[in-house]
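Please dock the two separately framed chains into a single complex, following the hints provided.
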Amino acid sequence: MNAAPAGLAPPRRRVRLWIPLILLLALLSPLLIPVLAILAVVLAAMGVNPGQALRDLGRFVLAARGTHIEVEAPGASVVITII
Amino acid sequence: MSQDRLSVLTLLSEGKVTPQEAERLLSAMEGGAGRTGGAPGGGASKPKYLRVLVDTLEGGDGPTKVNVRVPLQLLRAGVRLSSIIPPLARERVNAAMAENGVPFDINALKPENIDELIDQLNDLTVDVDKEHTKVRVFCE
Numbered sequence: 001m002n003a004a005p006a007g008l009a010p011p012r013r014r015v016r017l018w019i020p021l022i023l024l025l026a027l028l029s030p031l032l033i034p035v036l037a038i039l040a041v042v043l044a045a046m047g048v049n050p051g052q053a054l055r056d057l058g059r060f061v062l063a064a065r066g067t068h069i070e071v072e073a074p075g076a077s078v079v080i081t082i083i
Numbered sequence: 084m085s086q087d088r089l090s091v092l093t094l095l096s097e098g099k100v101t102p103q104e105a106e107r108l109l110s111a112m113e114g115g116a117g118r119t120g121g122a123p124g125g126g127a128s129k130p131k132y133l134r135v136l137v138d139t140l141e142g143g144d145g146p147t148k149v150n151v152r153v154p155l156q157l158l159r160a161g162v163r164l165s166s167i168i169p170p171l172a173r174e175r176v177n178a179a180m181a182e183n184g185v186p187f188d189i190n191a192l193k194p195e196n197i198d199e200l201i202d203q204l205n206d207l208t209v210d211v212d213k214e215h216t217k218v219r220v221f222c223e
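Read top to bottom, the protein sequences are chains V and U.
For reference, each letter of the first sequence is one residue, going 1 to 83 in our numbering.
For reference, each letter of the second sequence is one residue, going 84 to 223 in our numbering.
Below, simulated SDA-like cross-link-like pairs (lysine to any residue); rule was C-alpha separation at most 25 Å, straight line:
#1 Lys-193/U <-> Asn-49/V
#2 Lys-99/U <-> Gln-86/U
#3 Lys-213/U <-> Pro-146/U
#4 Lys-129/U <-> Asp-210/U
#5 Lys-217/U <-> Pro-130/U
#6 Lys-131/U <-> Ile-83/V
#7 Lys-131/U <-> Leu-17/V
#8 Lys-148/U <-> Arg-13/V
Anything over 10 Å on all C-beta distances counts as not near chain V; from chain U, calculated:
#9 Arg-88
#10 Gly-98
#11 Ala-105
#12 Leu-109
#13 Ala-111
#14 Ser-128
#15 Pro-130
#16 Arg-175
#17 Asn-177
#18 Ala-179
#19 Ala-181
#20 Asp-188
#21 Asn-190
#22 Leu-192
#23 Glu-214
It should be emphasised that the hints constitute simulated quantities derived from the structure, not laboratory data.
Backbone N, C-alpha and C define an ideal beta-carbon position, used for all residues, glycine too.
Same shape as in the complex, but just chain U (with noise of 0.2 Å):
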């Protein structure tokens, strides 16, 4: 633990500080940490790869684990490459998207967004807890 977090927690068992403020002053530190490149991925460095780490119990004979680590850099290209995909076709994936439910534009789908969502994907994970599997898909 560090001085300053220890020195943050004293001041709140000597009732110096409300619980509240301790927190406040927890989380600045933790941010100015995060802002002087202390922690690992943390900042201003990009996810390169997405990765799906699941783990699961079920099908009997054992446990099974499945590891996939995919480049980003794959998502880009090929949401570039649905530029190949011919206008009636699109039409076509629009009207099945909408009867699934799902209102979706292929149309905007353009390379210049794509940035803007892997950039967001940074802080994606997904946690499933089941009772014998074990899901996990992040960026890293």
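Chain V extracted, bound-state conformation (with noise of 0.2 Å):
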């Protein structure tokens, strides 16, 4: 049986999440480049410039940087970083 002895508070779900961003794209890296030339094909024929498209979604992902999401429930506690 999984339930709490009585008198006890039941089992906390910890999550403890430290992503290290500039790592975690250097790992990914070789399956990002083939995803990353996939994406500027697709936004050529939508009609954006690829270029400046790429561009900005990498600041945007490395703009992340600094994220920090905490929450303390009852039954939880989750913790996210990103560094």
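What follows is the structure, given as structure tokens:
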């Protein structure tokens, strides 16, 4: 049985996640390069300047550094930080 | 309490200045302190993050706290990213916003304007204080 013994608080689910963005991008780069190439073709087909769009996309992803999300609820505790 | 502030209050208690004059003097002192860098976060420092704090008892089991910090740089980059929205999609966005009573033109959202908007966010504070929920949005 998974139920907590009487008188004790239910178990809390704890998630602590620190995401090193640059390291993650470096690790994913073998996958990212073909994905970005496909995206550039799609953007060009849509009439959008692919160079500028990809540059803006890169800026957007890199700007996420410093994001911190913390939720403390009775049954769960979640902290996500992008560094 | 600072000596200057105490002096003003003494003058007020002695009836040498009116309450209005005392208020003006105190405001001038606070303004001076802000300009000389006395107050943290005041003056020339630009906000870097948008903070959202939620503290609620709704849900029944106990208190829930949410603390979110988003870099304002992300907002800037997001606006720049809006350039990849195709023209047809822009028209649809504008139409949907107008349908919901928001006369907003996404084409008018330019990166040049967002800096001005973010500068104005420095003074933004949203406080929602309900019976079991407190929400605070501000820039720091």
